[in-house]
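Chains B and C: place on chain A using the hints.
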Amino acid sequence: MHELNPPSGDLPQHAAALLERLRARGPRVHCVTNAVAQNFTANVLLAAGCVPSMTISPEEVGQFVAGADALLVNLGTFDKERREAVEIAVEVATQHKVPWVLDPVLINRSPSRAAFARGLAERAPKVVRLNAAEFAALAGRDGNREALSSFAGQHGTVVALSGKTDLVSDGKRIAAITNGDSLMAKVTAMGCAGSALIAAFLAVEPDAWRAASAGLLLLGIAGELAAREAKGPASFAVAIVDCLHTVDGKAIVQHARVN
Amino acid sequence: MHELNPPSGDLPQHAAALLERLRARGPRVHCVTNAVAQNFTANVLLAAGCVPSMTISPEEVGQFVAGADALLVNLGTFDKERREAVEIAVEVATQHKVPWVLDPVLINRSPSRAAFARGLAERAPKVVRLNAAEFAALAGRDGNREALSSFAGQHGTVVALSGKTDLVSDGKRIAAITNGDSLMAKVTAMGCAGSALIAAFLAVEPDAWRAASAGLLLLGIAGELAAREAKGPASFAVAIVDCLHTVDGKAIVQHARVN
Amino acid sequence: MHELNPPSGDLPQHAAALLERLRARGPRVHCVTNAVAQNFTANVLLAAGCVPSMTISPEEVGQFVAGADALLVNLGTFDKERREAVEIAVEVATQHKVPWVLDPVLINRSPSRAAFARGLAERAPKVVRLNAAEFAALAGRDGNREALSSFAGQHGTVVALSGKTDLVSDGKRIAAITNGDSLMAKVTAMGCAGSALIAAFLAVEPDAWRAASAGLLLLGIAGELAAREAKGPASFAVAIVDCLHTVDGKAIVQHARVN
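Residue numbers (the working numbering), protein chains in the order written: chain A, 1 to 259; chain B, 1 to 259; chain C, 1 to 259.
Just chain A, same shape as in the assembly (with noise of 0.2 Å):
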């Protein structure tokens, strides 16, 4: 007996498909995004045909939403310069409707980020990307499927969770994406490079299902192919940008582990 083909079949021509629109557009997404990872992040982007802006000022994070092609909300370092800018870039998101992604870094360990990670995810973000501990801080549960699943169609979000095996939910489909290098792990900010290149997807593709599965398929790829050169996790690090930088839709279809 066969099984039915999932809609999760498609996925990896579907990514190789983005990823050239990608590159063809060259949207700029603008990032909320950490102390930490502002560098990485804008590296990230750059390498898989991006333009990023990262001003975080309130004065300035308005405007620079308003043109943008999609916007990176991540938590970390979280203080009130951040809280402030990503209520006004939330807020101007919505009303030019730019797709955003939430990243609620790190809310298992701090109550009052985690209570405004709810608030937010209540906004409608197109996706929320996050860890298992972290989804269990946002939504009080642990992070099996059919959890994210209910998470998912309760939000109208799609749920992206990074793992060993990451799962990327709507409510109605699911994929799993067992790409990726244990090096991961190692390198700052690469769970928020995970979330700035779905951001970079949701530019160009409106089903968030498909741009969130095309983004950690890309960086799961892309992390694979830098194991091999790297010996250690700072290599790796320039390897996986320097793979976001050269893999082609071909090598999606042909490294893609997802199901």
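Just so you know, the hints here were simulated from the structure itself, not pulled from any lab data. Hints are supplied without guarantee of correctness; some may be wrong.
In this list, chains with the same sequence are indistinguishable; a pair is considered to hold if it fits within one copy or across any two.
[To be verified] List time: in silico BS3-like cross-link candidates among lysine-lysine, alpha-carbon distance up to 30 Å:
#	residue 1	residue 2
1	Lys-186	Lys-250
2	Lys-186	Lys-97
3	Lys-172	Lys-97
4	Lys-172	Lys-250
5	Lys-231	Lys-172
6	Lys-97	Lys-80
Since the model is a prediction, treat every value here as computed from it, not as a measurement.
Okay, now just chains B and C, sitting in the frame of chain A:
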């Protein structure tokens, strides 16, 4: 018939001499710069032979600038703290005759930042380093050679316009530098690095036109040499800093393409 | 005639054992550190086997420190937010008996920062890690062995002075470490990395003199191994982080030069 020797004819030899002087003196360059660029800028300056200092705290920036050999004012990720820091830094630099460079990052995307930059341009920066879109926002017109010369002459400054060809004008003399590599546009803060190197050369050369040309020559040549061994933008970023450390005056003369 | 065994005689073996313990436990090290160093410090800690956390928000830093295994207080790019964060972090660390390291960056250039650092030195940091100019600003005298011992004894702390030879004194014992490479001075935040590694070892070793010595030994040895394959300061910075990840206890014992 022979061309008249342009004033830029001896720039490579002069830049080579300046690089030796820079390394002999190890000047301190204070940088009020954006959050994305701080780490890369500090490493670029160290590699070239300088001592960077980077505080933007309004309480401290004055004393750091007072004793510095040059100042970089970069308007990226411009917020309240940076605005206050810039006001103090430029005031102190003027008092203490510390030469300074203005890098009006992304003023084409922020009218308020552009207005602030126009005010700074009136306060006698030795050099304004920017790209074509930023020049248009600053000067209200396209950055052709005549426009650069006109702006430089009116403001008593040097305009250093980065692009496929870098143009450096003081209103009378103009240098056109064609060194560099396309990967430079794929690394965040690379323009900021050029401005920082210009500040470095201002610390050892009172002729701002020569200092600015030397800074962009050095960066462009390091970029060309780095591209030979880069596999993508991140290994390129590593290699260009390595080259800034290893390039010597002889290599400057050998590789310079300027007229 | 044989020398008496100095107390530093078994430091290499001890540092080797501490490194294994560090990797087995994976302690969380909270860092209140400067904007230039945040990314590099996080990657250094990850490479060595720790979990870094980096927020400086006054609203959150207390809860991050309360549950941390060690704390780094670094005074670079010191501003109002960092001052407030440090006050809270040290208060909470004291209450919760979280061992902490003071790194009084560039206090020789800022009298107000130096005054603040002197106040912190009275609040029982386990280790003060600094360079010669910073020691002079902190202690009011040159950092010879007697001065270090005296300062350490009076303050009940360990002084770890970085330089061509690193000196680590707790007032009674002194270790002199000659590992390292001259390229370490050409990478920004390398001193900060040493302080972070000392904090890491404090998380697994109550004897602060041994912890501080282990941190500087590890960094120095990683630096030596990295220099073998570096082409300049940026490839060196990549290689030293790689080495922090791959070095094992055996390599520590083999390469340590301490007496």
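Going through the hints against the structure:
1. Lys-186 / Lys-250: both (28 Å within a copy, 22 Å between copies)
2. Lys-186 / Lys-97: between (35 Å within a copy, 28 Å between copies)
3. Lys-172 / Lys-97: For Lys-172 and Lys-97, only the intra-copy Cα distance (23 Å) is at most 30 Å; the inter-copy one is 49 Å.
4. Lys-172 / Lys-250: within (28 Å within a copy, 53 Å between copies)
5. Lys-231 / Lys-172: The answer is neither: 41 Å in one copy and 40 Å across copies each exceed 30 Å.
6. Lys-97 / Lys-80: This pair counts as both: shortest intra-copy Cα distance 25 Å, inter-copy 28 Å.
Checked against the numbered hints given earlier, the structure breaks only hint 5 and satisfies all the rest.
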